[in-house]
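Q: Now for the letters of each chain:
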Amino acid sequence: MPEAAAVEKIAVNINVNGKAYSRQVEPRMLLVEFVREACDLTGTHVGCDTTYCGACTVLMNGLAVKSCTMFAVQADGSEITTVEGLEKGGKLHPIQKAFGDSYGLQCGYCTPGLMLSAHQLLSENPEPNEKEIRKAIAGNTCRCTGYMNIFKAIELAGRNMKGA
Amino acid sequence: MIGQLGEGAKFIAGGQSLIPLLKLRFANPEHLVDLNFIPGTSFIKEDSVALRFGAMTRHAEIERSTLAQKIPLLHDCAAGIADVQVRNRGTIGGSLAEADPSGDWANALITLDTTVRCLGRKGARAIDLRDFIKDAYTTALEHDEVVTELEVKIPPPGSGGAYLAFKRSAPVYPSASVAVQLTLADDTCQNAAIALGCVGLTAIRATEAETALRGKNLNDETIAAAAEAARAAADPQPDMRGSADYKRQLVVALVKRAIQIAARRARGEQVEGAHLYA
Numbered sequence: 004m005p006e007a008a009a010v011e012k013i014a015v016n017i018n019v020n021g022k023a024y025s026r027q028v029e030p031r032m033l034l035v036e037f038v039r040e041a042c043d044l045t046g047t048h049v050g051c052d053t054t055y056c057g058a059c060t061v062l063m064n065g066l067a068v069k070s071c072t073m074f075a076v077q078a079d080g081s082e083i084t085t086v087e088g089l090e091k092g093g094k095l096h097p098i099q100k101a102f103g104d105s106y107g108l109q110c111g112y113c114t115p116g117l118m119l120s121a122h123q124l125l126s127e128n129p130e131p132n133e134k135e136i137r138k139a140i141a142g143n144t145c146r147c148t149g150y151m152n153i154f155k156a157i158e159l160a161g162r163n164m165k166g167a
Numbered sequence: 002m003i004g005q006l007g008e009g010a011k012f013i014a015g016g017q018s019l020i021p022l023l024k025l026r027f028a029n030p031e032h033l034v035d036l037n038f039i040p041g042t043s044f045i046k047e048d049s050v051a052l053r054f055g056a057m058t059r060h061a062e063i064e065r066s067t068l069a070q071k072i073p074l075l076h077d078c079a080a081g082i083a084d085v086q087v088r089n090r091g092t093i094g095g096s097l098a099e100a101d102p103s104g105d106w107a108n109a110l111i112t113l114d115t116t117v118r119c120l121g122r123k124g125a126r127a128i129d130l131r132d133f134i135k136d137a138y139t140t141a142l143e144h145d146e147v148v149t150e151l152e153v154k155i156p157p158p159g160s161g162g163a164y165l166a167f168k169r170s171a172p173v174y175p176s177a178s179v180a181v182q183l184t185l186a187d188d189t190c191q192n193a194a195i196a197l198g199c200v201g202l203t204a205i206r207a208t209e210a211e212t213a214l215r216g217k218n219l220n221d222e223t224i225a226a227a228a229e230a231a232r233a234a235a236d237p238q239p240d241m242r243g244s245a246d247y248k249r250q251l252v253v254a255l256v257k258r259a260i261q262i263a264a265r266r267a268r269g270e271q272v273e274g275a276h277l278y279a
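If you read the sequences in order, they're chains F and P.
So in the numbering used here, the last spot in the first sequence is 167, and the numbers never skip.
So in the numbering used here, the last spot in the second sequence is 279, and the numbers never skip.
What the hints contain is simulated information worked out from the structure, not anything from laboratory work.
This one's a predicted model, so the numbers in the text were calculated from it and none came from an experiment.
Just to be clear, a hint being listed does not mean it is correct.
Only pairs whose alpha carbons sit at most 16 Å apart, straight line, appear in this in silico EDC-like list of lysine to aspartate or glutamate [unchecked claim]:
1) F:K138 <-> P:E273
2) P:K11 <-> P:E31
3) P:K24 <-> F:D52
4) F:K134 <-> P:E273
5) P:K24 <-> F:E36
6) F:K12 <-> P:E31
7) P:K11 <-> P:E143
Chain F with its partners taken away, still in its complex shape (with noise of 0.2 Å):
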């Protein structure tokens, strides 16, 4: 195998969870990849790799994207938010203690991508009904827990957002 040219870098500076991250990526590099390797964030997990699963799903400027599906430099100067950015000060964020407390997880794989979806939907309809919630989550696929519990803690969550 002859060995490959070296790719031009591109400078690339991206808000992740809060924290501005400055690097130079090849413009290859997809922005799961950034997350994960870049800014050492591993929460955000790879499952399928062909924009079908969710688990890579992250918010960007507050939308839930699929990072496996989006090149870093087209996230530049963009904010990013990642399982990691959900807990503030020590504290679960309302979500991710609504999945443990409904029991809306079981492997946790997809989890991450799940609860920004889910962040996305509460954010612009805090008491959604099954069918919203299911559209919500559609991009998400989640192969251990039936779905139910994660109905039931999405709805939770938005009652405890709330009330809070």
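Since the structure of chain F is provided, determine the placement of chain P on it from the hints.
A: Using the frame of chain F, we list chain P on its own:
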């Protein structure tokens, strides 16, 4: 810029189709020119005759737009594409320029009077959507041209439409999709446009099915005749989403259902349309 980079360069819009294709090595561009940072390319506007969509308008923005609800099938289409995450990134212009045979927008918009506005080094031009989509993954765009805007004529009073897609799960492409746009006078169908998606190399206008409705009263018999004509117009390939016969049967069911929703909307009813899941 794309001119300087040469033939190996390609534009990227929302990337929700292109990035998966890059990973599969189905596309192998040397350079990508990102359209996401160009201001003023995402908008939804209305003038006296048409709705105008900036090429970089995200599916989610169309889903939320009250203006886009003036043409209900546009809302049906936008709200059902893939999932929340993909709708937050994917764009209407990118979907048309990619011309995936299973893409939603081309099939929905081909039942309306849609003009694709493009810009390249030679200047701007407007192309009727029916002439824009040439083949699977092939459009009338020159290498250095981009889509800038879609112009969709507002249908006359008494019109209603519906877009229905059948999917095995949210993130996947539909197994089959149907767009129906009707204009009624009392119960008589003045005009009908029926398009079928995912069952050919491009969206297919089922002209025989349209003829089966035009000038007729809408009833079980005429709707069934249109659905059978649509079955004959479909040209599906068997694949992981189902056999050819299964997809033809899906087309029949979707056409019937879409005509019924379109007719109710044409009569002024508010009907919620949703994509169907297995």
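Q: Evaluate each hint against the coordinates.
A: Checked hints:
1. The straight-line distance between the Cα atoms of K138 (chain F) and E273 (chain P) is roughly 14 Å, inside the 16 Å bound, and the hint therefore holds.
2. Proposed proximity of K11 (chain P) and E31 (chain P) is supported: the alpha carbons are some 8 Å apart, at most 16 Å.
3. Restraint check for K24 (chain P) and D52 (chain F): satisfied, since their Cα atoms lie roughly 9 Å apart, inside the 16 Å limit.
4. In summary, the hint linking K134 (chain F) to E273 (chain P) is supported, as the alpha carbons are separated by about 13 Å, within the 16 Å threshold.
5. Taking the CA atoms of K24 (chain P) and E36 (chain F), the gap is near 14 Å; set against the 16 Å cutoff, the hint holds.
6. As the CA atoms of K12 (chain F) and E31 (chain P) are separated by approximately 15 Å, the hinted pair is consistent with the 16 Å bound.
7. Between K11 (chain P) and E143 (chain P) the alpha-carbon distance is near 11 Å, which keeps this suggested pair within the 16 Å criterion.
The earlier numbered hints are all upheld by this structure, with none contradicted.
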